[in-house]
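I would like the entire structure built from these sequences, with the hints used as guidance.
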Amino acid sequence: MKKKNLFLTSTFAAALLLAACTPGEKDQEEKAVEEQPAIEETIEPTEPVTEEVVAEEGAVEETDEIAEPTEPAVDAPAQSPSTSESVAPATTEGIFTNDVAPATQDAGVSTGYAAPAVTTGAIDVSTKKANEVIIYTSDANAENVIPTAKIAYEFKTDGPITKYLIDQLGYEQYYNKHAVSADETVIMIDFKESIVNSPLVQGTAGGQMFKDSIVATIFENIPQAQVIKLRVNGQEQETDHVSFSGEITRGQFN
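Counting with mature numbering (1 follows the signal peptide of the UniProt record, and there is no 0), you get residues -19 to -1, 1 to 235 for the letters of the sequence shown.
By construction, these hints were calculated from the structure, which means they are not laboratory data. Just so you know, not all the hints are guaranteed correct.
Unchecked claim - Derived DSSO-like pairs: lysine-lysine, alpha-carbon spacing no greater than 27 Å straight-line:
no., residue 1, residue 2
1, Lys110, Lys144
2, Lys173, Lys158
3, Lys137, Lys110
4, Lys131, Lys109
5, Lys109, Lys137
6, Lys158, Lys131
7, Lys158, Lys144
8, Lys158, Lys137
9, Lys109, Lys144
10, Lys144, Lys173
11, Lys144, Lys131
12, Lys131, Lys110
Claimed, not checked - FRET-style restraints, in silico, Cβ to Cβ:
no., residue 1, residue 2, range
13, Ser175, Thr108, 35 to 45 Å
14, Asn112, Glu217, 31 to 41 Å
15, Thr220, Asp148, 21 to 31 Å
16, Ala103, Ala163, 31 to 41 Å
17, Lys137, Asn178, 30 to 40 Å
18, Ala130, Asn157, 23 to 33 Å
19, Glu219, Thr108, 38 to 48 Å
20, Thr108, Asp221, 32 to 42 Å
21, Ala111, Val177, 36 to 46 Å
22, Glu219, Ile104, 30 to 40 Å
23, Ala121, Asp164, 34 to 44 Å
24, Gly140, Ala103, 20 to 30 Å
25, Asp105, Asp221, 35 to 45 Å
Where a beta carbon is used, it is the ideal one built from N, C-alpha and C, also for glycine.
What follows is the structure, encoded as C-alpha cells:
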C-alpha cells in the first residue's frame, strides 16, 4: 500500500511539471527543433560566390585601363605655288594672256584711216618663193608703201613671223611684244612708249607710212590675218600723226 501511494505521488508530480510548462514555451521548443535542419540546409559553399566576385573584379580592372590618347590628324598645309612657275601677268586692253588673243567678231572700222595704195615697185612680187616674205616700205615720195624686198624666212631659225617682219621693217628697237589669236586671225602689236616721240611717226606722211608699212607687210605674208591692232604699252593711245587705237581690217587694206 505504501509503494502504491509513492508511485501515485511521483506520477502526480510529473503531471504537475508538465502542466507548469506554458504552451508558448512548448511551441518555441518545437519550432526550434523544426528550424534547426533548415538552417543547416541554407549553408552553401562559398566558392561560387567567390567566382562571381572575381569575375566582377576582373571587369572593374578592365574598365580601369586608360587608353592612350591619340593625336588628332593634322591636314597637310595647302601647297603654295612654286615661285618658279610662270604666272601670266595681268592683262590690259590689247595685251592677250600668253600671247594668244581671243577671236574677234564683227571687227569694226577704224576712223580716219586711209587704206594704203599698194603698187608694184622695186621688186616683182610674183616671183616670191614659198620660203620668202615680202617687205613693204615707203616709196620715194612718202605717198605709198611698195614691196621693196624679198627675204628668206624659216620659223625654226627666225622665230615667230610677226616679230620677224617688224624687225625687217626696222622697228625692232620700239617693239615691246605681240600677240596672235588662236586662229591667227587677230594680231596685236605693242610698242614701247619711245615710239611716240620717234622720228618714224613725225609728220603726217611719216606717221602714215609707218602704219601702212606694218599693215601691208603683215597682210601680205600672213594670209589668215584679218585684223591688226597697234598699241603703246598695252593701251590705246592717240598721237598727232598715228592712231594706236581701234583696229585695221583686211577689208580696209584691200
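**Request:** State the violated hints by number, sorted upward, taking the hints as numbered earlier in the document.
**Result:** none
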